[in-house]
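Undergrad: All chains, full assembly: derive it from the sequences and hints.
The lines below spell out each chain.
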Amino acid sequence: MTDEGALLSVVVPAVFAAAGLLSGRWGRQWARDSAILGTLGALAAAVVELVGVLRDGPAASIRFLGRIDVGGGTTLALDLRADQLSAIVAVAVGVVALCVQVYSVGYFADLPPTGPHIPDAGTPEAPTRYPGYAATVTLFTAAMMLVVHAGDLTLLLIGWETMGLASYLLVGHHSERAAARRAAVKAFLVTRVGDLGVLLAVVLLIAAEGTTTIDTLARRAAAGEIDKTTLTAALVLLLAGVAGKSAQFPLHTWLPDAMEGPTPISALIHAATMVAAGVFLVARLLPLYLAVPGALAVAAVIASITMLGAALAALAQEDLKRLLAWSTISQVAYMLAGVSVALDATGTAPGIFHLLSHAAFKALLFLVAGCVIHLTGSTLMRDMGGLLRQHRSMAWLFGLGLAGLAGLPPVGGFWSKEAVLTAADDAAHEGHWTGWLVLLVGLLTSLVTGLYAGRAWSMVALGRDVAHDPARAPEGDAVTEEPHETPAPEHVPHKLPLSMTVPLWVLAVPTAALGLVLVNPPDLIAALHVDLVTSVTGALLGLAGVGWALSAPRLGAPDIADALPAGARALLRDGYRLDDVQDRLVVRPAMALARGVFAGDSDVVDAYVRGSATVSRWGGGVLRRAQGGLATGYVAWLVVGAVAAGVAGMVLS
Amino acid sequence: MTPPVDGPTLHLVGPVVLAAALAGIGVYGLLARRNAVLVLIGAELLLNAAGVLLVAGSALPAGGLAALRSTSQSTPVESADPLLAGQSLTIFVITIAAAEIGVALAVVLLLFRARRTSDLTAVRELGEASPTYTETPQTAQTPQTAQTPQTAQTPQTPDRVAP
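So the protein sequences, as listed, match chains A and B. 209 is the number that my numbering gives to position 209 of the first sequence; each next residue is one higher, with no gaps. The number in my numbering is simply the position in the second sequence, starting from 1, with 1000 added.
A portion of the hints provided could be inaccurate.
Stated by the list, open to error - Some, not all, of what chain A presents toward chain B, calculated at C-beta under 7 Å:
hint, residue
1, Gln627
2, Gly628
3, Ala636
Said to hold, decoys possible - Quick list of simulated restraints, FRET-style, between CB atoms:
hint, chain 1, residue 1, chain 2, residue 2, range
4, A, Val615, B, Thr1136, 22 to 30 Å
5, B, Leu1010, A, Gly641, 30 to 38 Å
6, A, Val615, B, Ser1070, 49 to 57 Å
7, B, Ser1070, A, Gly649, 16 to 24 Å
Think of the hints as simulated: they come from the structure by calculation, not from any bench. Because the structure is a prediction, the values reported are computed rather than measured. All C-beta atoms in this analysis are idealised placements derived from N, C-alpha and C, irrespective of residue type, glycine included.
TA: Encoded structure:
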C-alpha cells in the first residue's frame, strides 16, 4: 500500500502531464480534465501512501527505474522511498497542486469583454494557451513528487532539473511580454547556477563513495566512514543548489521577477513545489549534515541574512505579488533556519512543519491575490483597497493568510514559526552560536513580518474604496456606472467563478487549523515543542508589527512604508539593487564573452567560408571572359590545347 | 632484320608533308575565316590531315618511328601491321566526317535561314562576354523578326522601344 502510493503519486501526474502535452490540440475540456485528474490522482496516491506509512512504517526502497551501471563498478539504484517526511510533504504538494489546477480553470476562463482589464486573460494577441499551461503544472507536480520520494540523489536530481524546466516554462507563460521572457530566463539561469552545485555534489559522492543512495550515505556518515572534507564539500555544494531553488541569498534574485508568471503559478512555486524543494533536500539529508557541523552553520548564516533582508525588502514593495514573493524568500529562510539549528535527526520537525503551514497560507495568499487582481485589474497595492467592504469573505481569507504569515496565534503559522524559534532557542542553550543568530534574527524578522503583513492588510482590505472612487476610476469605465450608494458584492464588475473561490476555502482550513496536528502529532514532528517564553515573545513582536502598521492610517499616512526615508525605501523596493551587482559581475562579462565568441565565429570561422565564395565568384568573373560567343574563339582554345598536348607529349616522351 | 619489300615503295616524307600542309590550311581556315562554311571546310581539312597521318603511320614497321630510324635511311621496310589498323581507322574517320558535315551544314543552313548570314562574328548572343549577351533571351531579338545582323547585334532595337 505504501509502495503503490509512493509509486503512483509520481507516475500518475507524469503520465497525465505527458498525455496533456501531447494532446494539447484536443481542446480545453480535455486539457482541464486531464490536468485535474492528474493532480487528483497524485493527491489520492499521496494520501494512500500517508495512511500506509502511518500504519505500516516507512518503506526504505521501492523499485522504480531499476539499477544503472555507470561503470567503474558503481551501480546507481534509482529507487523511491516512502516515509513520514515524503508522505506528509507529498500530501501538501498534492493539495496545493490540486487547488492551483482547479483555480486555474476559473483564472484562465475566457472573460466577457466588459469589465476591467485582466493582465492574464486571453486576447487574440496573447492567448491563454491553457492546455499547455495545465499540462506543465501537472509536470511540475510530478517533478516535485519525484524529488520528495527519491531515495537516491541521482533520481532526485532528475526531478530537480525537471522542476527547473517546468518553472522556466510557466514563469515565461505569457511569452508575448518581454518582461515575462526575461524573468523566465533569469529564473532558469540563476537556479541553474545552484543546480550545478547539486550536480557536482552528486558527481563527488559517486567518485568518493560509489553510491548516491541516501540511506547508505546517511549510515556511512553516521559511522564516520566518509572523509570529512569530501562530505563537507559535497554538502556545501548541495547548499548552493538549495540556495538556488529555495531562493536564498545570494541566488534569490529570480523569485521577485518570477512574479511575471500567472498568479496561480506563483502560488504553486512558492507554496509547495519549487522553493520547498531546497528545504526538503536539507531535511532529507539532515543525517549527513549533522555529521559535519560546518555545512549547517553555513546554512544558518545564509538563512539569517535572507530572513531579515527579504522581510525588509517586502516592507517597501508596492506590488502585491512582489510583496508576497519577498515574504516567501523570508519564510523559506525560516524553514532553512529551522532545519539548520537541528541538534539530532529529529531536528527536521520545525522546518518541515513551517514548510507545511507556509504551503497552506502562502498558497491561500497568492490565490486571494489572484482574485483581487482579477477584480481590480492591477497588481499594485495602491490600486486596491476597500476589499473588506466589497468582498468581506475574500478580505477575511486574505487576513487569515496574513495572520499565518505574521505568525499570529492561534493559526498554523504561529505554531510553526514559534517551533522554529524554539528550536533555535534550544540550540542556543546547547551552546551553538548559530542558535543565537537564528533566534535573534528570527525575532527581529517577526516584527518586520508583522509590519509588512499589517501594511498589506491596511492597503488592500482597508483603505479607500478605489474601485468605487470616481476620482480614481478612468472616464467611461464600466466601473463608474455602478451605483455608489449600495456597494455590495453583487455590484462588482464580475463575480468570481466558483472554481476560484472553492480552493481558497479548502486552503483556509489548514491555514487556520494546522496547529491542531500538534495535539496528536505523527512521529515526524513528535519532537516538536513550542516554548512558552519564546512563543509569547515572537507573537508579541508580530502583533506589535501588525498593530504599528494598522495604526499608520490613523496617524495620517495610509502606508507605513512612507515612514521610511525615500532613498532607503527605493533601495529596499529594488531588493538592495543586487540585480545591478549581478548585472555588473555576471551578466555583462557573460554578454561580452558571448559577443566575443560571436565575433570570432562570424569574423574568423565564417571568413573562410565567405572567402571561398568570394574566390569562386572572382574566378567565375575571370573565366566568363573566355565565353565570348564567337565559335572561332572556342576553336582557338581547342587548337591551343591540342598544340599544348602535342608539345607536352614530345617533351615528356 | 626486316625483309626487303617487293612492291612499289613510298618515302615517308611525302604523306607527312601533305598532312602538315592540310593541317596548317585547316587551322588557318578554322581561326581566320568568318564564313561558317569555310570554317567547316577548315575542320574537314584537319580531319583529312589526321587521316593521311593514320594511313602513313600504319605503314610503319614494328617498333614504329624508332625502328625505322635504326635502319638505313634508303632501305624500304614492310608494314608490320597485318590488320592495317590505321587504314581501318581512316575509314571510320571518313564515315564520321560525312555524318558530321551533314549535321554541321544543316546548322549553317538554319543559321542562314534565320539570320540571312553565315558570318560567325554576327551570331554571338550565347557568349556571356559578348557585346550582345542578355540575361533574359526571350526579350532579346528573336529570329522571327528576320532582322539584319547589324540590328541583331544591338541590344536595344527600335521596335521593342516603340509602343
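Undergrad: Taking the least C-beta to C-beta distance, is Gly628 of chain A closer than 7 Å to chain B?
TA: Where the cut-off is 7 Å and the nearest Cβ of chain B is about 5 Å from Gly628 of chain A, the hint holds.
Undergrad: With 7 Å as the cut and Cβ atoms as the points, is Ala636 of chain A at the interface with chain B?
TA: holds, 6 Å
Undergrad: Should the hint that Ser1070 of chain B and Gly649 of chain A are 16 to 24 Å apart at their CB atoms be regarded as holding?
TA: This hint holds: roughly 21 Å between Cβ atoms.
Undergrad: Taking 22 to 30 Å as the stated bounds, is the beta-carbon spacing between Val615 of chain A and Thr1136 of chain B within them?
TA: Since the Cβ atoms of Val615 of chain A and Thr1136 of chain B sit about 28 Å apart, the hinted range of 22 to 30 Å holds.
Undergrad: Is the hinted range of 49 to 57 Å satisfied by the C-beta distance from Val615 of chain A to Ser1070 of chain B?
TA: holds, 53 Å
Undergrad: For the hint 30 to 38 Å, verify it against the beta carbon of Leu1010 of chain B and that of Gly641 of chain A.
TA: Taking Cβ atoms as reference, Leu1010 of chain B and Gly641 of chain A lie about 32 Å apart, which means the hint holds.
Undergrad: Take the shortest C-beta to C-beta distance between Gln627 of chain A and chain B; is it under 7 Å?
TA: holds, 4 Å
Checked against the numbered hints above, the structure violates none of them.
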